[in-house]
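Protein chains: 2
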Amino acid sequence: MVASLRLPSLTSLLFPATTRYPASLRRTVCLRNRPLSGFATAPSGTASPETKSTEVDRLRSDRAVTPRSQDFNAWYLDVIASAELADYGPVRGTMVIRPYGYAIWEAIQEYLNVKFKETGHSNMYFPQFIPYSFIEKEASHVEGFSPELALVTVGGGKELEEKLVVRPTSETIVNHMFTQWIHSYRDLPLMINQWANVTRWEMRTKPFIRTLEFLWQEGHTAHATPEEAEKEAKQMIEIYTRFAFEHTAIPVIPGRKSKLETFAGADITYTIEAMMGDRKALQAGTSHNLGQNFSRAFGTQFADENGERQHVWQTSWAVSTRFIGGIIMTHGDDTGLMLPPKIAPIQVVIVPIWKKDTEKSGVLCAASSVKEALQTAGVRVKLDDTDQRTPGWKFNFWEMKGIPLRIEIGPRDVSSNSVVVSRRDIPGKAGKVFGISMEPSTLVAYVKEKLDEIQSSLLEKALSFRDSNIVDVNSYDELKDAISSGKWARGPWSASDADEQRVKEETGATIRCFPFEQTQGTKTCLMTGNPAEEVAIFAKSY
Amino acid sequence: MVASLRLPSLTSLLFPATTRYPASLRRTVCLRNRPLSGFATAPSGTASPETKSTEVDRLRSDRAVTPRSQDFNAWYLDVIASAELADYGPVRGTMVIRPYGYAIWEAIQEYLNVKFKETGHSNMYFPQFIPYSFIEKEASHVEGFSPELALVTVGGGKELEEKLVVRPTSETIVNHMFTQWIHSYRDLPLMINQWANVTRWEMRTKPFIRTLEFLWQEGHTAHATPEEAEKEAKQMIEIYTRFAFEHTAIPVIPGRKSKLETFAGADITYTIEAMMGDRKALQAGTSHNLGQNFSRAFGTQFADENGERQHVWQTSWAVSTRFIGGIIMTHGDDTGLMLPPKIAPIQVVIVPIWKKDTEKSGVLCAASSVKEALQTAGVRVKLDDTDQRTPGWKFNFWEMKGIPLRIEIGPRDVSSNSVVVSRRDIPGKAGKVFGISMEPSTLVAYVKEKLDEIQSSLLEKALSFRDSNIVDVNSYDELKDAISSGKWARGPWSASDADEQRVKEETGATIRCFPFEQTQGTKTCLMTGNPAEEVAIFAKSY
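Order-wise, the sequence lines are chains A and B.
Count along the first sequence starting at 1, add 35, and that's the number in this note's numbering.
Count along the second sequence starting at 1, add 35, and that's the number in this note's numbering.
Extracted from the complex, chain A is given alone in its bound form:
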């Protein structure tokens, strides 16, 4: 499969006007000369099967993605296509998540699912069709979501009496069900989660980051007191934060959203904000303290210990396939994807090297033993033993795919009973170590240590990149300077929503959050000069 040949279709996700176009147009576009303005200018003409095969080979050997340093957005789309993470769907703005991308999602699921269960949540499943009237019940919710709804109006060949919303999120239907399950304080807390698809009719889409349909988990809880709900909302953003740091090596900044940026229907929204390689911010996960907004709208009540009816206090929290986009844009480099070992579907790729046929069986046999040893030790390992590609081609290919470690085994290594190990995160010879013993226990220990080192190193690198790109500001002029130089601005803020809106209009930056980690001492609002209790972080964002 030739990922590079499909590139314009990913580009097309960015351009709402483009819809489906004939396959013939898609097939012969060279990666490097990819038109950035959509498919319309793509070279026409269809290659015959034979010439296509040749072109496939040419493109494969010439598989380099647009360098990240040259064009971040083109690089991002190239990586997604070349690494076969995702593809466009036939409906504008939809995305097919391919096996390699989906495996990253499965790793995310595996980690979070355990954490959710450990903290007392049960998985379940709510229908995705929601009566339109539900959406209208919570005033700010309908305001926030109604422009983005997909509506089912025909079912079984008949016009429906009430149109149905394809869930953009499930607070409304969850509350409808909670009213039937919650009677007394003994039924609380009620803590559930679902893994599901959601639909939001976005106009400007980008693979993983913002698509018409995406996958996520949404947690929903109901509590007897506001304190419990607040504790839950904070606990979940803490779980997301640890996941981001420890598993994906993304040094997110957790904090509270400004009123303007709070979820439609929440009292408080907590967020984790990540700095991408282009220094734009990505909201990577949110946890909402919903107060009693939905329980009042839906009448979700319980009898307390005195028999009094009370509205429950609620939370909801979500992480989506957007996180995959965050991983790509945090760690990737000019060469392509770079995956943190803990989240990498393949942690180690083994490339056997032989020239003569007489060498082949010895090399392959050693490679298989190494694979076996690593696999047994729980390392996710791939042996690339095809003879249709050169070792050099394989090196490039697996580097582009972001595999953290490569093991090379040639005839000389077989003789010396050793291997060569190369780190993806340290390019060239500096990342290459020769003569690592093939003896299973030694090799396994070495590989595991290196994977840990890479994991830490990616986090440190991202952390230092992040910190060197946040500027502390004390005036609006300083803020504007920071933003216009592409950085994040952090400064004391107690100004109005109108002022916040003005910053957005004049600089393109929004308040990403009031970070949990605050500096001590008296603060003066950068905009008004009034006393401020907190610093806020401003940045341009996805």
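Treat the hints with care, since some could be wrong.
[Said to hold, decoys possible] DSBU-like, lysine-lysine: derived pairs with alpha carbons at most 30 angstroms apart:
no.: 1; chain 1: A; residue 1: Lys-391; chain 2: A; residue 2: Lys-467
no.: 2; chain 1: A; residue 1: Lys-150; chain 2: A; residue 2: Lys-377
no.: 3; chain 1: B; residue 1: Lys-417; chain 2: A; residue 2: Lys-152
no.: 4; chain 1: A; residue 1: Lys-417; chain 2: B; residue 2: Lys-150
No wet-lab data here; the hints were simulated from the structure.
For chain A, the structure is supplied; the task is to place chain B on it using the hints.
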């Protein structure tokens, strides 16, 4: 939560005419007097919180489900409500899968996901919105599915140019993508799977068995030869068969569908057919050899080793949340649910028993140790240590929930360092064993052995029930007798589609399958007297 109070809503799933109705009507319906004709005749009036609480308790202590022997359908709905497996959704025919029901689905996923990966399939995700034009491309596919489609006609506040189908199955969109990924024989076989929700606008719905939206996995593969596709289709039905037998203790009969019952778009459909407790058949999983039907409709081609363009040969196969309904209706009894240990979210429930407060701490301490020992050994165990319920109430409750084994621990057991173990599948004293040592290694071994015994015993029981309800027939009269006595009829068949249709109209039975296991010897068609190559199984079905 009072599952029984919600019953009429489940009943309402059966009656398409009923839609949402005020919560006040739902709350005071007694389980035993549940109106079978829908909610309209339900007693009206709303209980105050206080009286509701009392009624909750009354109903809880009076929680028995309608005996299965008395009314199979009412029993089924009662079990689903009382065991909190599922609930109706607000949109007619939709279902909320509650944590206990969803945990069974997770167990199904866990097993099958491993098998799919072992056999070379990768998970991925396709968008659920399919352009309407796609559905029309394969003639029999559109004929089969168009009456059941849900259509999105409005997105982002605007009428769409082309209406979108909410996927009823994904063959069309899969082929659209396969055309872009498959170029040469080297790209084959392409073997993928997705876990997803699907929507079919069914008119007569029943929880788990037939709902407007359901969860499933759908595998899709493309091959270079018809032989490979056939082998794949058979391999997958074999995996389903083993899963049914070994994991869910359902002795399904695998076989081939008749032409009339073949999937819309397939050349051959393989099926596993299960006999429910009411002797109706349930199609529990299918695997389709799609031939080149979709690849021709979508132009899914590859260049073979000679450079010739060929259409790929395809399969698709699916198992859905319907399987949960099959588990309920295979093993349940008058008391309620009965879960095979391998699929049970809780395999063992521990009920501590004490009368005096002085006994409590010793009993609870022993119960905790037992729980700890079993959990460490990988047994899924629940300790029910609430003091708001009597042990007798707990026994009934967990029996109704279908937990395979119960461990009782009272003060005398603590003194003798032993426990009492009761089997769910053997009622009363016969299933109860006293004096099993609490010593961890002894107890763990005993529990594991009993769980295995229960698993085997459930399968044997279902197998003997199945076999005693299949009648070998040699004439249409015999077939009619068998069907009218509620049994399955198995007999030689080589008659026409029209004859098959006539059987359906006259008896209500359809050909469930031509079983893989065939008797030897010459056969004469039961309908025509002509030579027949195979026996077919006829039955009424869900």
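Comparing the hints with the structure gives:
At most 30 angstroms may separate the alpha-carbon atoms for a hinted pair to count; Lys-391(A) and Lys-467(A) meet this at roughly 24 angstroms. A distance of roughly 16 angstroms separates the Cα atoms of Lys-150(A) and Lys-377(A); the hinted pair therefore holds under the 30 angstroms criterion. Between the alpha carbons of Lys-417(B) and Lys-152(A) the distance comes to roughly 15 angstroms, so the proposed pair stays at or under 30 angstroms and holds. For the hint linking Lys-417(A) to Lys-150(B), the alpha-carbon distance of about 19 angstroms falls within 30 angstroms, and the restraint holds.
Figure legend: structure checked against the earlier numbered hints; every hint is met.
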